[in-house]
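Participant: Throw the hints in and build the complete structure from the sequences for me.
Just so we're aligned, residue 1 is where the sequence shown starts under the UniProt record's numbering, counting upward by one.
Certain hints may be false.
[Said to hold, decoys possible] Straight-line Cα separation of at most 25 Å, DSS-like style, residue types lysine-lysine; simulated pairs:
#1 Lys201 - Lys152
#2 Lys172 - Lys139
#3 Lys492 - Lys430
#4 Lys354 - Lys337
#5 Lys192 - Lys203
#6 Lys456 - Lys399
#7 Lys152 - Lys138
#8 Lys703 - Lys692
#9 Lys337 - Lys691
#10 Lys335 - Lys692
#11 Lys207 - Lys311
[Stated by the list, open to error] Taking CB as the label site, the calculated pair distances span:
#12 Asn365 - Tyr422: 54 to 62 Å
#13 Val323 - Arg155: 33 to 41 Å
#14 Val701 - Leu580: 41 to 49 Å
I should point out that these hints are in silico values taken from the structure, not numbers from a laboratory.
Here a beta-carbon is modelled for each residue, glycine too, at the ideal position from N, C-alpha and C.
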Amino acid sequence: FERKMSRLLQRTQQNLENSRLNIRDFSYEITPPFAKQNSMANIDVELTTFSNDDNQNNKFNSGDGENLPNSSSHTQDHIDDYSERNKRVHSKHRNDQVYPENSRVYKAYEAKTGPRKNKTRILVDFDGHADEIIDKMKKDENLMGNTPHSQKLQRETLRDMPQCLTVKRCVKRKLSMVKNTKVQKGCCTSLKNKMGNKFHKLKNDLKSVLSALELWYTPLKEIEGRFGSGVGSFFKFLRWIFIFNFILSIPVVLFIVIPQLVYDEPVKNNVTFRFIDIFNGDGYFVKTALYYGFYSNDSVNLSEIDYNMPKAYFFTNISTYLVALVVLCVSSANKYKKSFIETEGGVHNVFAQKIFCSWDFSIANRDAANLKSTSIYNELRELLYDVQKIDVEESFMQKFRTFILQLTSNVLVLFTFAGIAYLIWFCMGKDSAILSAIAVNLVMVFVPYLLSYLVKYEGYKEPRTNLYVTLFRIFLLGFLVISVMTTFWLKKSKTDLDWESSLGQEIYRLFLFDFIFAVVLSFVFGVCMFFGKRALGRDGRFEFDIPRHTMHIIYSQSLFWLGLFYAPLISVMVVIKLFLTWYANQATVQFFCRPSSRSWRAARAQTWFTIMVFASLLLVCCVQGYVIVCVSPSKQSGPFQNYNFIYEIVTTGVFNLEVTSFFWKVIIFVTKPGSVSLILIGLSILVYLSKKRAESQRESVEKYREMLKWETKDKEFLVKKITQITQGDWHWNLQDSREHDPINMMPRYSIRRQDSQDYRQFEPSPSQVLME
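Facilitator: Next comes the structure, spelled out in structure tokens:
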């Protein structure tokens with residue numbers, strides 16, 4: 001390229017000195033020898049030279065023929081130089097990039113003399129260039145296949161091709177002709193490909209529509225931009241949980257609640273409503289669709305259609321649990337893969353991506369631009385904190401002191417949890433229905449403050465470690481509360497004639513007081529603390545407590561899972577609570593909170609949130625499985641009062657299995673403890689093999705990375721040497737500027753026998769050196 005540019009400059013200077021001509025004032029058609037006659041297209045190539053201001057009198061005269069041969073040779077030189085560039089067609093913008101000096105000269109001349117009007121036109125062969133591209137594309141079978149994937153690759157190749165639009169259109173037209181000339185596929189293959197393309201297009205359209213209708217998009221971006229990714233991850237998690245619960249509550253309402261409400265023989269509720277019933281869930285609400293005992297154990301008549309309520313109740317709940325398990329399992333696996341597996345080797349070039357690729361060029365107002373700049377600023381702060389953190393080497397005494405502090409803290413937390421479990425069991429044994437709910441919610445409100453305060457003195461170096469430790473402890477606290485409550489009522493199931501409805505009432509009270517303490521009173525407390533500090537002349541803003549609010553969301557979600565079976569309408573109430581929680585937390589963050597004093601990147605926080613929700617669902621499913629298989633339902637009310645165990649609705653109500661049938665014996669054999677143990681051992685072996693395979697692949701990846709690093713260093717070394725040789729620095733640097741004497745500079749060789757570890761050095765004779 002440099003040689004061509006130097007030749008072009010030499011020719012231009014020579015023509016300027018010899019002829020001082022200016023061919024801006026005339027134009028004519030030139031057909032180069034490489035142009036075809038059957039398919040031509042015109043592009044504008046401007047060939048303009050001009051003289052200095054002191055030689056303006058020597059202009060080109062169209063009537064004078066002396067300078068015409070020089071202008072012809074000058075133009076032909078430009079055409080030859082143009083054709084030498086691999087016969088590739090460049091747009092005007094690309095020509096300006098290839099020849100920036102000429103572009104600046106033309107622009108400066110236009111500023112003085114006005115725009116260029118007369119242009120020399122050159123006919124360029126686009127078809128020939130397109131044929132060359134298609135010949136290269138035909139060598140790739142994946143690119144020229146007759147599948148939707150191949151068509152997608154063709155579109156991406158055309159889009160990324162560094163050619164002008166005319167060439168791309170020509171290549172696209174010829175590709176369609178190549179497809180038509182191929183052997184036609186069968187009808188099934190053609191229909192399959194068309195359906196695949198339609199489905200792919202429909203999926204993209206749905207994604208665009210859903211992204212345009214994304215719930216709470218603007219507030220979420222504003223919160224994430226002002227307060228960082230940690231607070232933003234909590235609100236993303238809250239929005240996802242709200243949408244997920246809303247979808248899961250739809251089949252419960254459609255297939256359980258509504259059929260029972262429109263039943264032609266409804267149960268009469270003779271109990272008078274009292275205000276206290278709102279808080280204890282007893283009295284008037286017992287004979288409503290809120291609890292398990294309200295639903296019929298027989299088929300209901302819906303417009304002359306028999307609707308089996310026990311089967312609908314059972315299979316709707318089981319289907320909801322299974323769908324939730326699948327969705328949460330897939331979501332947790334995908335987020336774990338993105339957060340831990342794909343970023344295990346580290347994410348490279350993050351600063352370049354943030355600086356050059358973070359800005360949204362569709363922003364049209366100043367407020368959005370300020371918010372985006374603040375968001376980029378916070379993201380860079382978080383990345384800089386991760387990069388600039390210094391790992392200080394601690395002494396043995398410091399490590400021992402930190403270990404003692406963490407051990408003492410964990411022991412204190414365990415004793416605290418044991419005392420809380422005893423307190424909840426004691427309160428639930430009392431006759432007061434509200435006492436246990438108040439005690440549980442007071443524990444769920446104040447103990448997280450204690451845990452967040454305690455973790456600050458345990459010596460963890462990073463803020464995210466404090467977050468994860470606090471989240472894990474609060475998750476154990478919520479699991480402890482749910483376990484104690486469920487164990488108490490399962491133990492009471494032998495004496496309570498309607499223990500399912502009693503458990504549903506307990507879930508309702510826990511939900512109601514959790515909403516009062518965690519949402520209403522928490523918001524009021526934040527407002528009072530803000531204005532109280534303002535009255536004292538201090539900054540009233542405080543940091544948003546992510547672990548405590550996340551715990552309340554996971555706790556509400558556990559009540560949602562458990563309430564699906566014992567209080568179906570709890571699912572709707574939880575959705576309403578999450579909706580109000582969003583706006584309460586949004587107002588708290590935007591008006592009364594400040595950004596965290598220590599910036600940290602919460603790239604994996606949302607992954608841990610989803611994993612904890614999945615773990616809570618697994619625990620609730622284990623409890624429900626035990627209830628379905630081992631606990632007898634109440635005989636006075638409920639859809640399963642005619643069965644000894646709930647699972648009999650499947651064995652006898654659906655499959656009509658007898659105890660002596662072969663399939664029933666297989667089920668009994670599979671569910672034995674020995675069979676379950678063998679299945680668990682097999683799964684453990686598969687997990688172990690998968691882990692070892694992942695470790696071996698990780699080692700291979702590390703080796704390949706080392707090889708790539710060394711290859712990069714070799715390339716850098718070779719490029720450096722090539723640059724030195726290109727610049728003329730190719731001579732050997734001899735020591736002391738002396739000539740190389742083969743006798744004085746004899747090489748030394750080290751040899752070793754095969755049966756010995758001793759090395760022997762010898763110096764060859766001068767004759768041997770000269771012979772070499």
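Participant: Taking the numbered hints from earlier one at a time, note which ones the structure violates and give those numbers from smallest to largest.
Facilitator: 11
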